[in-house]
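Trainee: Okay, here's what each chain looks like letter by letter:
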Amino acid sequence: MTTFSGTALCLDRADINTDEIIPARYLTEIEKNVLGPHLMEDLELAGFDPKTDLAGIGVLVTRNNFGCGSSREHAPWALEANGIRVVIAESFARIFYQNMFNCGMLAVTLDPADIDRIFQVAVTSPLHISADVDTEEVTVSAGTETWTISFSLTGFEKALVQAGGWVEYADRNY
Amino acid sequence: MGKTIAEKIFDAHLVDRPFNAVNVLRLDRVFCHEITTPTAIQDLKARGKDRVFDPDKIKAVIDHVTPAKDAKTAMQGKVLRDWARRHGIIDFFDIGRNGVCHALFPEKGFVRPGFVIIMGDSHTCTHGAFGAFAAGVGTTDLEVGILKGVCAFKQPDTLKIEITGTLRPGVFAKDVILEVIRRITVNGATNQVIEFCGPVVDAMSMEARMTLSNMAVEAGATSGICRPDAVTVDYLWPFIKDEYPGREAALADFSRFLPDEDAVYAGHTIIDVTDLVPLTTFGYKPDNVRPVSDMAGTRVDQVYIGSCTNGRIEDLRVAAQVVKGGKISDTVRAIVSPATPKVFSRALEEGLIQDFMEAGFCVTNPTCGACLGMSNGVLASGEVAAATTNRNFNGRMGKGGMVHLMSPATAAATALAGTITNSPLYTDPV
Ligand code: SF4
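Protein chains in written order, with my numbering: chain A, 1 to 174; chain B, 175 to 604.
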């Protein structure tokens with residue numbers, strides 16, 4: 001069973017690019033964990049403070065075209081270094097999306113209406129989200145409300161997440 | 175149904191197709207340099223998987239910033255060096271023996287027709303000049319390549335680019351590839367493989383073909399493949415002479431990978447280069463291409479001749495021919511960086527280094543150096559470079575700097591003039 005869950009943070013903006021996820025000045029780092037404290041430090045978004053708001057977060061919820069811009073894998077690494085292993089969005093940039101699965105992380109695409117509903121409840125209550133890769137379902141809990149939304153993955157995406165990423169998958173199978 | 179070169183290479187290397195459109199291929203080579211490999215090495219270590227699939231198939235070089243310029247680049251080199259030693263990677267090229275990866279590895283005979291090659295570097299496509307499928311990959315794919323000798327690729331949809339006509343004197347492979355990119359744009363071959371063919375490619379030397387394949391990625395292509403032929407065999411002969419009874423036998427063997435008559439292509443573009451003039455770029459994208467004559471008079475601060483695109487001996491010969499006996503403009507700094515130690519010593523033997531130095535060029539050791547704006551000739555903000563490299567992205571050779579891409583002949587002429595200008599090797603048709 002592969003389930004990811006955690007407290008969710010909503011980032012209400014489209015087109016958050018990889019430079020905003022992890023600035024280019026950290027690309028020379030050779031240890032992934034060094035990226036951790038710099039996650040989204042250049043992201044300018046009303047009401048968002050990267051220094052405090054990322055603590056304890058396990059899931060991100062955001063809008064269109066998340067992860068656009070340069071194709072650096074440092075973007076998923078910086079998320080992972082902070083314990084964020086799931087990003088839920090209306091859509092993703094193609095390479096970022098593939099990089100998430102290669103790293104054994106989960107990118108979930110949901111309809112804008114479903115994303116809207118999550119954003120609405122998040123205004124008043126802390127948000128907890130769990131994503132089950134086997135059943136392809138996201139469960140959202142906020143205050144007294146709990147509901148489930150289904151999503152879909154290809155067989156390969158599912159296999160990558162279940163294995164813990166492409167390195168683990170390949171090491172096991174080849 | 176007939177097959178393209180890439181499809182034939184895929185068939186010969188297929189290990190698994192675990193899911194639709196996921197082709198796991200066996201790798202013949204994994205090339206490594208000190209910028210992208212250390213991250214992969216450290217991550218493999220952290221996973222408890224500090225292993226290599228085959229030390230003889232891994233080739234590594236310190237080339238981007240060498241000699242190291244600071245503590246950070248010294249550490250990148252150290253991680254690569256220690257790893258190569260630890261795993262018995264014999265073909266590891268350190269200071270004194272190192273050169274730009276995509277010039278050094280072919281020169282060592284590491285690339286063969288039909289090979290599948292990966293490297294954590296965009297311009298890995300250069301090796302397609304030999305009829306290989308060579309692709310730049312990210313860190314995770316590099317880790318898997320190092321660990322297991324496999325890599326996953328989607329179906330290799332192929333765009334056939336046929337170059338016809340004859341090149342005028344003073345017009346080079348660099349001008350041809352700039353014209354290709356101008357025509358098809360920077361997205362023209364996104365996620366596709368380019369197959370270069372036609373009489374103009376057939377007549378090119380291996381070095382010129384490498385210039386062509388090198389910039390396939392600037393049109394978005396995964397790989398840029400030239401058809402293996404007698405020119406390929408002649409280049410490789412010193413390395414393969416014990417494997418085949420004769421050149422014909424080698425050619426027959428490599429011909430297995432030639433495309434079928436009825437191969438199916440995703441697209442077919444024919445470019446007649448008979449009227450092609452020397453070209454250069456004007457903006458921050460490699461498809462912002464114009465005739466050199468339209469850009470004539472544009473002031474430049476620095477001229478750079480080198481890189482994996484145009485830092486080979488043929489490039490240096492042409493550039494030296496232009497600068498010989500002349501002096502660079504007082505308003506210009508000119509740098510020439512022979513791409514490998516072998517290129518450097520050949521250039522010395524042939525007197526080219528002397529020609530460059532007398533003209534006022536700075537000659538650097540073989541390295542990527544200024545090409546990526548990390549060392550050996552970084553531009554100041556607001557400065558302009560004329561370069562034989564492959565990327566004119568904003569800030570590529572230094573923050574706030576502008577880069578005009580061009581052939582070595584044009585770059586050499588520009589160094590003398592101080593402004594962008596055509597070389598005397600080219601004359602307009604009457
Ligand atoms: S010469 Fe430039 S483009 Fe070529 S590998 Fe080095 S940095 Fe990359």
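In case anyone wonders, no lab produced these hints; they're calculated from the structure.
By construction, the Cβ of each residue, glycine as well, lies at the ideal position given by its N, Cα and C atoms.
It is possible that some hints are incorrect.
Far from chain B, by Cβ distances over 12 Å, these chain A residues were calculated [stated by the list, open to error]: (1) Ala24; (2) Asp42; (3) Asn173.
Derived pair list, reagent style DSS-like, types lysine-lysine, alpha-carbon separation capped at 25 Å [stated by the list, open to error]: (4) B:Lys516 x B:Lys282; (5) B:Lys219 x B:Lys177; (6) B:Lys516 x B:Lys498; (7) A:Lys32 x B:Lys223; (8) B:Lys459 x B:Lys334; (9) B:Lys231 x B:Lys498; (10) B:Lys498 x A:Lys32; (11) B:Lys252 x B:Lys219; (12) B:Lys573 x B:Lys459; (13) B:Lys573 x B:Lys246; (14) B:Lys516 x A:Lys32; (15) B:Lys334 x A:Lys32; (16) A:Lys158 x B:Lys282; (17) B:Lys231 x B:Lys282; (18) B:Lys177 x B:Lys223; (19) B:Lys328 x B:Lys231; (20) A:Lys32 x A:Lys51; (21) B:Lys415 x A:Lys32; (22) B:Lys282 x B:Lys415; (23) B:Lys334 x B:Lys177; (24) B:Lys223 x A:Lys158.
Here are the in silico distance ranges between beta carbons for each label pair [stated by the list, open to error]: (25) A:Asp42 x B:Glu524: 46 to 52 Å; (26) A:Gly56 x B:Asn194: 37 to 43 Å; (27) A:Pro50 x B:Gly270: 30 to 36 Å; (28) B:Gln528 x A:Ser70: 30 to 36 Å; (29) B:Asp468 x A:Ser152: 48 to 54 Å; (30) B:Ile444 x A:Thr135: 48 to 54 Å.
Trainee: Against each hint, give a clear statement of whether it holds in the structure.
Mentor: To see whether the hints hold, each was checked on the structure:
1. With a cut of 12 Å on Cβ distances, A:Ala24 falls inside the contact zone with chain B, its closest approach being about 10 Å.
2. Interface exclusion of A:Asp42 from chain B stands, the closest Cβ pair being 16 Å apart, more than 12 Å.
3. Separation of A:Asn173 from chain B is inadequate, the least Cβ-Cβ distance of about 7 Å not exceeding the 12 Å criterion.
4. A distance of roughly 10 Å separates the Cα atoms of B:Lys516 and B:Lys282; the hinted pair therefore holds under the 25 Å criterion.
5. A hinted pair counts as satisfied when its Cα atoms are at most 25 Å apart, and B:Lys219 with B:Lys177 does not qualify at roughly 40 Å.
6. Of the supplied pair hints, the one linking B:Lys516 and B:Lys498 holds, its CA atoms being roughly 21 Å apart against a limit of 25 Å.
7. Taking the CA atoms of A:Lys32 and B:Lys223, the gap is near 16 Å; set against the 25 Å cutoff, the hint holds.
8. Restraint check: the Cα-Cα separation between B:Lys459 and B:Lys334 comes to about 23 Å, which is no more than 25 Å; the hinted pair holds.
9. For the given pair, B:Lys231 sits about 42 Å from B:Lys498 by alpha-carbon distance, which is inconsistent with the 25 Å threshold.
10. Our distance criterion of 25 Å between C-alpha atoms is broken by B:Lys498 and A:Lys32, whose separation comes to about 50 Å.
11. Note on B:Lys252 and B:Lys219: the hinted pairing holds, with a Cα-Cα distance of about 15 Å set against a maximum of 25 Å.
12. Between the alpha carbons of B:Lys573 and B:Lys459 the distance comes to roughly 16 Å, so the proposed pair stays at or under 25 Å and holds.
13. At most 25 Å may separate the alpha-carbon atoms for a hinted pair to count; B:Lys573 and B:Lys246 meet this at roughly 19 Å.
14. As the CA atoms of B:Lys516 and A:Lys32 are separated by approximately 37 Å, the hinted pair breaks the 25 Å bound.
15. For the proposed pair B:Lys334 and A:Lys32, the alpha carbon gap of about 40 Å is over 25 Å, so the pair is violated.
16. Simply put, A:Lys158 and B:Lys282 have alpha-carbon atoms about 42 Å apart, too far for the 25 Å limit, and the pair is violated.
17. This hinted pair checks out: B:Lys231 and B:Lys282 have alpha carbons roughly 13 Å apart, not beyond 25 Å.
18. With a C-alpha separation of about 38 Å, the suggested pairing of B:Lys177 with B:Lys223 is violated against the 25 Å cut-off.
19. Taking the CA atoms of B:Lys328 and B:Lys231, the gap is about 23 Å. The hint holds against a cut of 25 Å.
20. At most 25 Å may separate the alpha-carbon atoms for a hinted pair to count; A:Lys32 and A:Lys51 meet this at roughly 19 Å.
21. Between B:Lys415 and A:Lys32, the direct Cα distance comes to roughly 45 Å. Violation of the 25 Å bound is thereby established for this hinted pair.
22. With a C-alpha separation of about 14 Å, the suggested pair B:Lys282 and B:Lys415 falls inside the 25 Å cut-off, and the hint holds.
23. Taking the CA atoms of B:Lys334 and B:Lys177, the gap is near 12 Å; set against the 25 Å cutoff, the hint holds.
24. Straight-line distance between C-alpha atoms of B:Lys223 and A:Lys158 comes to about 23 Å, which keeps the hinted pair within the 25 Å bound.
25. Between A:Asp42 and B:Glu524, the C-beta spacing of about 50 Å keeps the proposed range 46 to 52 Å intact.
26. Distance hint check for A:Gly56 and B:Asn194: the Cβ-Cβ separation is about 39 Å, which falls inside the suggested range of 37 to 43 Å.
27. Here the CB-CB span from A:Pro50 to B:Gly270 is close to 45 Å, at odds with the stated 30 to 36 Å.
28. In this structure, B:Gln528 and A:Ser70 break the distance hint of 30 to 36 Å, their C-beta atoms being roughly 42 Å apart.
29. In this structure, B:Asp468 and A:Ser152 meet the distance hint of 48 to 54 Å, their C-beta atoms being roughly 51 Å apart.
30. For the pair B:Ile444 and A:Thr135, the supplied restraint of 48 to 54 Å holds, since their beta-carbon distance comes to about 52 Å.
The structure fails hints 1, 3, 5, 9, 10, 14, 15, 16, 18, 21, 27, 28 (numbered hints given earlier, in ascending order).
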